[in-house]
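Protein chains in written order, with my numbering: chain A, 1 to 219; chain B, 1 to 258.
Derived by calculation from the structure, the hints in this document are not laboratory data.
Don't take every hint at face value.
Claimed, not checked - Estimated spans, in silico, between C-beta atoms of each pair:
| # | chain 1 | residue 1 | chain 2 | residue 2 | range |
| --- | --- | --- | --- | --- | --- |
| 1 | A | Leu47 | B | Lys251 | 51 to 59 angstroms |
| 2 | B | Ala135 | A | Leu144 | 26 to 34 angstroms |
| 3 | B | Ser247 | A | Pro141 | 15 to 23 angstroms |
| 4 | B | Gly189 | A | Ala208 | 30 to 38 angstroms |
| 5 | A | Leu47 | B | Leu106 | 20 to 28 angstroms |
| 6 | B | Glu173 | A | Leu118 | 48 to 56 angstroms |
| 7 | B | Ala125 | A | Arg64 | 32 to 40 angstroms |
Backbone N, C-alpha and C define an ideal beta-carbon position, used for all residues, glycine too.
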Amino acid sequence: MASSGLELLLVSLPQLGRGAAQTLAISALGIVFSTLGGVAYGVLASLNRRGLNLVLRVYLELFRAIPVLVWLYLLFFGLPIFFALSIPSFWCAVLVLSLWGSSEVGEVVRGALRSLPLGQREAGLSIGLSAWQLYGYVLLPQALKRMTPPTINIYTRIIKTSSLAVLIGVVDVIKVGQQIIERTYESVLIYGVLFLFFFFICYPLSAASRALERRWTHA
Amino acid sequence: MSALIEFEGFNKFFGDQQVLKAVDLQVRRGEVVVILGPSGCGKSTLLRCLNGLESADGGHLRLGGEELLAPGTDWRQVRQRVGMVFQSYHLFGHMSVLDNLLLGPLKVQKRQRHEALAQAQALLARVGLLDKRDAYPRQLSGGQQQRIAIVRSLCMNPEVMLFDEVTAALDPEMVKEVLQVIQGLARDGMTLLIVTHEMAFARAVADRIVFMDAGRILEQNDPESFFSNPQTARAQQFLEKFSYMESLPKKMPAKELS
């Protein structure tokens, strides 16, 4: 068993690796776009324009109230039906993760910006900074400390949630694992590998988040 | 000489409440005007309107003859000409002192670094804080931070400086070092608009006192006339509150408590 298990693992490794690459690619793209989208959301929300806030609010509530899985189905199966627009499953997963992640990161960015003293904004404006300069040089750098730890936690959730992509046909690391199990019935071994895979990606992130939080709250 | 700053029939509302009522005020170039009045009288709002942190609701406001309440006003341009110093300094906490000073000159005015740096260091030396140029705001006392905040405004080479209760958040010991800096600017002929509750300072530094109450200017006069002979009952009442403090009898030696 021990030797056959090891053998199976070695044989499966290239296949698992391809699945892992899919999982990592979807997660990485989701994280990048969620960060960009989240910063945009947070900055727009901090402008405090009534009409804009309403739009952002609706967007946020849609992604809070509707499960990510439903969004995946909606876009993957719905878009072709209603708009004759079909997206490959990989990109559909990236899109949904990014939209969901942006709303999550966006709320964190908004909160971090709002926690800064109003005087920072006024002092920046009164030396003639433009809105871009104000956010780029004064507000976002100061918000960074407050928003980084919770944002890293959202990253781990994006990585874990990426596994839902299986359900619209993406062959990610979990799907590959299931295929191997169907062939070999080595479920304990394969799920053990999957467990370690996610653990070793997500644990360092949440550890980093905690460490940063500790360091920065005492600074 | 024509006025550098002109408020004319200037109105400002917060919701339904009118906080500035038909204010007329002219400030000449090089003049030091101190605005006095009870809390909530609109004096801070008046300053904030002058650099666009608050928007006006009617009337005229001119800087160097140019109407600022016209729709096409470029407030970023105006703010470079009108320096503002706040009660709580508002230095940028994530930047060193020098970076605080150079942000505006380099990024807004696109000046040469060596030239801006030379000016910043000269001004730091003038307020006695050259040795703090690499410090961060949290390492400085309130009085030091406020002097840096003044220098930050000065580095933009403004035509007028606005001081909004800049000593109100400071320990008494630190008030002096900040007021000395402002006095130095007044001696140099800088145009200053100062909101303060430091009566003795107002008397010493002002060319003219403007007294406001409930959104209106009630009287304007030179400091000696204002303090020794206020024209309105409201101003008399206001000044009495301050002289009351000074005229309090000394505490009697306490009787032994048994």
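Structure-based check of each hint:
1. A:Leu47 / B:Lys251: 51 to 59 angstroms: With Cβ atoms ~55 angstroms apart, the hint holds.
2. B:Ala135 / A:Leu144: 26 to 34 angstroms: violated (21 angstroms)
3. B:Ser247 / A:Pro141: 15 to 23 angstroms: violated (51 angstroms)
4. B:Gly189 / A:Ala208: 30 to 38 angstroms: Hint violated: Cβ distance 56 angstroms, outside 30 to 38 angstroms.
5. A:Leu47 / B:Leu106: 20 to 28 angstroms: Check passed, 25 angstroms falls within 20 to 28 angstroms.
6. B:Glu173 / A:Leu118: 48 to 56 angstroms: Since glutamate 173 of chain B and leucine 118 of chain A have Cβ atoms about 28 angstroms apart, the given range 48 to 56 angstroms is violated.
7. B:Ala125 / A:Arg64: 32 to 40 angstroms: violated (55 angstroms)
The structure is inconsistent with the numbered hints 2, 3, 4, 6, 7, although it conforms to all the rest.
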